[in-house]
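Novice: Those protein sequences? They're chains A and B, same order as listed. For the first sequence, the residue numbers in this note's numbering are 1 to 114. For the second sequence, the residue numbers in this note's numbering are 1 to 114.
Since the hints were derived computationally from the structure, they do not count as laboratory data. We put the beta carbon where it would ideally sit given N, CA and C, even for glycine. Treat the hints loosely; a few may be bogus.
Ranges between beta-carbon positions, derived for each pair [said to hold, decoys possible]:
(1) B:SER14 / A:GLY71: 50 to 58 Å
(2) B:ASN22 / A:LEU114: 32 to 40 Å
(3) B:GLU76 / A:THR70: 43 to 51 Å
(4) B:GLY9 / A:THR70: 37 to 45 Å
(5) B:PHE18 / A:GLN80: 44 to 52 Å
(6) A:VAL38 / B:GLY1: 17 to 25 Å
(7) A:GLY97 / B:GLN81: 31 to 39 Å
(8) B:PHE18 / A:GLU14: 43 to 51 Å
(9) A:GLN80 / B:SER111: 35 to 43 Å
(10) A:GLN80 / B:GLU15: 41 to 49 Å
(11) B:VAL82 / A:THR102: 23 to 31 Å
(12) A:GLY72 / B:GLY29: 28 to 36 Å
(13) B:SER3 / A:THR112: 23 to 31 Å
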Amino acid sequence: EAGVTQFPSHSVIEKGQTVTLRCDPISGHDNLYWYRRVMGKEIKFLLHFVKESKQDESGMPNNRFLAERTGGTYSTLKVQPAELEDSGVYFCASSTGSSRNTQYFGPGTRLTVL
Amino acid sequence: GDSVTQMEGPVTLSEEAFLTINCTYTATGYPSLFWYVQYPGEGLQLLLKATKADDKGSNKGFEATYRKETTSFHLEKGSVQVSDSAVYFCALSGTRSGNTPLVFGKGTRLSVIA
Numbered sequence: 001e002a003g004v005t006q007f008p009s010h011s012v013i014e015k016g017q018t019v020t021l022r023c024d025p026i027s028g029h030d031n032l033y034w035y036r037r038v039m040g041k042e043i044k045f046l047l048h049f050v051k052e053s054k055q056d057e058s059g060m061p062n063n064r065f066l067a068e069r070t071g072g073t074y075s076t077l078k079v080q081p082a083e084l085e086d087s088g089v090y091f092c093a094s095s096t097g098s099s100r101n102t103q104y105f106g107p108g109t110r111l112t113v114l
Numbered sequence: 001g002d003s004v005t006q007m008e009g010p011v012t013l014s015e016e017a018f019l020t021i022n023c024t025y026t027a028t029g030y031p032s033l034f035w036y037v038q039y040p041g042e043g044l045q046l047l048l049k050a051t052k053a054d055d056k057g058s059n060k061g062f063e064a065t066y067r068k069e070t071t072s073f074h075l076e077k078g079s080v081q082v083s084d085s086a087v088y089f090c091a092l093s094g095t096r097s098g099n100t101p102l103v104f105g106k107g108t109r110l111s112v113i114a
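Next comes chain A alone, as it looks inside the complex (with noise of 0.2 Å):
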């Protein structure tokens, strides 16, 4: 069974510029999370989706990131414009509804706005 997967695995892009990243869950996992890590800090939750639904969207910092999940299926993370404090990594993370919350975690895709 495929495991969760991110893409791209790094991005760098310049302040002011757009930034699309992408997450593919666990096949027939309905729970997909976002969280980030930001140099040095806490790995901090953005986003909940259950299936195509937003379930919890208040760890999103701003109205520069916009998630979506089409289809209940793969998700992407949007930012528009990126800022210097969106650098960090962002990860992905799928559950089934009765994992009793074992999250199963993408390797993660390292933004780095200049």
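Chain B: place on chain A using the hints.
Specialist: Just chain B now, with coordinates in the frame of chain A:
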């Protein structure tokens, strides 16, 4: 709100040394507790978990016991190997069942030298 505090790293040990990484938490209700590990170049992997007080999670020689009276979930291993070099994250979820976001500690980098 909920929070996790874990010992600051980095931690450097010789092979076969005993490892303890301290983790304490603040949460309302009855959280589930987790240790995740991130090996170099890889994503987060679930190492072990415990869902109620006095439960002991164990995997790959690592152990942690859910101590409600001291709100702790310290990670231990009796004899570390070079292959255990990684970053270790303590985390909690706010409910014992269901699917809720994880709250992470800052991570502890472990280096094991031969």
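Novice: Now tell me, hint by hint, if it's right for this structure.
Specialist: Here's how the hints hold up against the structure:
1. B:SER14 / A:GLY71: 50 to 58 Å: Distance hint for SER14 of chain B, GLY71 of chain A holds at roughly 51 Å.
2. B:ASN22 / A:LEU114: 32 to 40 Å: For ASN22 of chain B and LEU114 of chain A the Cβ distance comes to about 37 Å; the hint holds.
3. B:GLU76 / A:THR70: 43 to 51 Å: Holds, at about 44 Å.
4. B:GLY9 / A:THR70: 37 to 45 Å: holds (40 Å)
5. B:PHE18 / A:GLN80: 44 to 52 Å: holds (49 Å)
6. A:VAL38 / B:GLY1: 17 to 25 Å: holds (18 Å)
7. A:GLY97 / B:GLN81: 31 to 39 Å: This hint holds: roughly 37 Å between Cβ atoms.
8. B:PHE18 / A:GLU14: 43 to 51 Å: holds (48 Å)
9. A:GLN80 / B:SER111: 35 to 43 Å: Taking Cβ atoms as reference, GLN80 of chain A and SER111 of chain B lie about 39 Å apart, which means the hint holds.
10. A:GLN80 / B:GLU15: 41 to 49 Å: Between GLN80 of chain A and GLU15 of chain B, where Cβ atoms are some 48 Å apart, the hint holds.
11. B:VAL82 / A:THR102: 23 to 31 Å: holds (28 Å)
12. A:GLY72 / B:GLY29: 28 to 36 Å: About 29 Å separates the Cβ atoms of GLY72 of chain A and GLY29 of chain B, which means 28 to 36 Å holds.
13. B:SER3 / A:THR112: 23 to 31 Å: holds (28 Å)
Consistency note: the structure conflicts with none of the earlier hints.
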